[in-house]
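When you get a sec, could you build the whole thing from the sequences and use the hints?
Going down the list, the sequences are from chains F and X.
So that you can map any letter, position 229 of the first sequence is 229 in the UniProt record's numbering, and since no number is skipped, the others follow by simple counting.
So that you can map any letter, position 53 of the second sequence is 53 in the UniProt record's numbering, and since no number is skipped, the others follow by simple counting.
If you're looking for bench data, these hints aren't it; they were derived computationally from the structure.
The C-beta atom is built at its ideal place from N, Cα and C for all residues, glycine as well.
Just so you know, not all the hints are guaranteed correct.
30 Å max Cα-Cα, derived BS3-like pairs, lysine-lysine [to be verified]: (1) LYS55/X x LYS240/F; (2) LYS92/X x LYS15/F; (3) LYS12/X x LYS55/X; (4) LYS240/F x LYS6/X; (5) LYS6/X x LYS237/F; (6) LYS48/F x LYS92/X; (7) LYS237/F x LYS228/X; (8) LYS55/X x LYS229/F; (9) LYS6/X x LYS23/F; (10) LYS240/F x LYS3/X.
Using C-beta positions, here's what the derived DEER-type ranges look like [said to hold, decoys possible]: (11) CYS96/F x ILE22/X: 40 to 50 Å; (12) SER241/F x PRO166/X: 46 to 56 Å; (13) PRO74/X x PRO46/F: 42 to 52 Å.
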Amino acid sequence: MEGKQRSNVKFVFLKCGVVSQAKGSAYFEVDNTKLIVSVYDPREIPKKTDYSSKGELFCIFKYAPFSCPNRRAHQPDADEKQHSAIVKRALESAVCRHEFPNFQVDVYILVLENDGSALSGAITAAGIALAQAGIPMYDTITAATLAIQGTTKLLDPTLEEETLCTVATHKSDTEIDYDSHGIIVLAMLSTHEQISEFYQLGNLDLETLNESVNILMNAAKDIVPLVEKCLVDYVTKTLKSNAES
Amino acid sequence: MAKQFKSLHPTKFYRDYLNHDIRPDGRLISKFRPVIINIGSIATADGSALVRIGKTTVICGIKAELCPPKSERPNEGFLICNVDLPPLCSSKFRPGPPSDLAQITTRFLADLILNSACIDLKDLCIVKEKLVWCLYADIICLDHDGCIIDACLLVLLTALKTVRLPGVEYDAAIDKKTINEDEQKSLSIYNTPVSTTYAMFEDKVITDPTAEEEEISSGLLTIVVKNKELCSIHKPGGSPLSEEKLYDCISETINHADLLITLINTAVAEQND
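This is how it looks when you write it as structure tokens:
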């Protein structure tokens, strides 16, 4: 796979309004990765006595026990906690938090099957769910993942590709320096090209980083029409069914 | 107008509907919701199924692991099922340790599997006293709209029928396990218990209630049948129920069970083709 470039967005399936009990919800699928997000009404922040002028987002990112090659425990592990924090940071800049002071919005993410790019999928899906729930937002938020190994760059990597790209390899047999490798997740508010979250693993040189950010920004922009269509479809469907009843 | 009336007087709202033997969603009082079964949707699991009863959605993934058996039962494997009702599926649940309802459902399912003998744990034995299969059946609710026990039982049985275990050769002398992925063995399921839930509302019994109806009702009743025989009745408190009504419910469940079992078998047969 040396030197291979894959920078076009893969086929993504999006659907919103999948959980009837939730205020907003979304289902996301790319490759074999399947995840579901639901968002509930703002509620008072539990166990908090002082006033906060900005509302809070409360995110839980969870892998289902059967979602990965090895069975996962029910208790959240370090990975899941970190992912929760990343999703929270990414979404915070997209949501108008001053609109609901002293309240929190719950965002629950469940990965049903993990085949790579779950984190970026979760951010995109959470953006859709928040929008469907009617939470005020500045812009649609989309995210993309890029896996890098040497000159190879793969957009929306599978789990296998992710694993291969996190392994450090030497530039050549004689050199001690490592080749560029790693994974980048980038979340963006596309209208003004504002990057809301940048998460990187591994070791990159500046030139690769520049190229990667460009690929990721284009990829994130490419998903926006899909997100918009998904939301418009939902609104039209709801209006139609309301008109009938 | 109906919306405002419903939120102000929910009980009266339902009573007015039920007096005409119809429910707000247009169903008759004894009508079941449509059931959808999808199998093999999770590739990382050794067996998986998704069940929808109306809007209630549950997914079950089964993962098989190798482990040594308990010394009291050297030739029996393990089937550990767990029901998870995450805060994702309904606003009734909060993050943290499993809710009471989740634990009760888990316990109820475990007892049911044991008592109905639908799988023989001896089938999971590979080498006596040394190596057995441990099946972890994790059931997760994705959308809670009533009848959670029915959905969980249905999805568990369907997922068990889709389990494929690889062949294992074990050399006890050097503790070496060889996995043969080509050899795929399915699990024998000896019978299929299925259940239906009823909600009691004043003097009426409502079949297959939604979450809203469960909330407003004065009690729930779950009946489990297998092979046209009664397997278990679960009635967690609530208002009393007359004997005739109970018999009516049981015979209704037996009738509906045929349909559910046909549905499971059709879904599983499609996978085998």
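Here is how each hint holds up against the structure:
Annotation: proposed proximity of LYS55/X to LYS240/F holds, straight-line Cα distance about 20 Å (limit 30 Å). Annotation: proposed proximity of LYS92/X to LYS15/F holds, straight-line Cα distance about 24 Å (limit 30 Å). Our distance criterion of 30 Å between C-alpha atoms is met by LYS12/X and LYS55/X, whose separation comes to about 24 Å. The hinted pair formed by LYS240/F and LYS6/X meets the criterion: a straight-line CA distance of about 22 Å does not exceed 30 Å.
Distance hint between LYS6/X and LYS237/F is fulfilled; the C-alpha atoms sit about 24 Å from each other, no more than 30 Å. Note on LYS48/F and LYS92/X: the hinted pairing holds, with a Cα-Cα distance of about 21 Å set against a maximum of 30 Å. Pair hint LYS237/F plus LYS228/X does not hold up; C-alpha atoms about 42 Å apart against a cutoff of 30 Å. Between LYS55/X and LYS229/F the alpha-carbon distance is near 24 Å, which keeps this suggested pair within the 30 Å criterion.
Note on LYS6/X and LYS23/F: the hinted pairing holds, with a Cα-Cα distance of about 19 Å set against a maximum of 30 Å. Restraint check for LYS240/F and LYS3/X: satisfied, since their Cα atoms lie roughly 18 Å apart, inside the 30 Å limit. Taken as a hint, the range 40 to 50 Å holds for the pair CYS96/F and ILE22/X, whose Cβ atoms sit roughly 43 Å apart. At roughly 47 Å, the beta-carbon separation of SER241/F and PRO166/X lies within the given 46 to 56 Å, and the hint holds.
Between PRO74/X and PRO46/F the C-beta distance comes to about 49 Å, which sits within the given range of 42 to 52 Å.
The structure fails to meet hint 7 from the earlier list, while all remaining hints are met.
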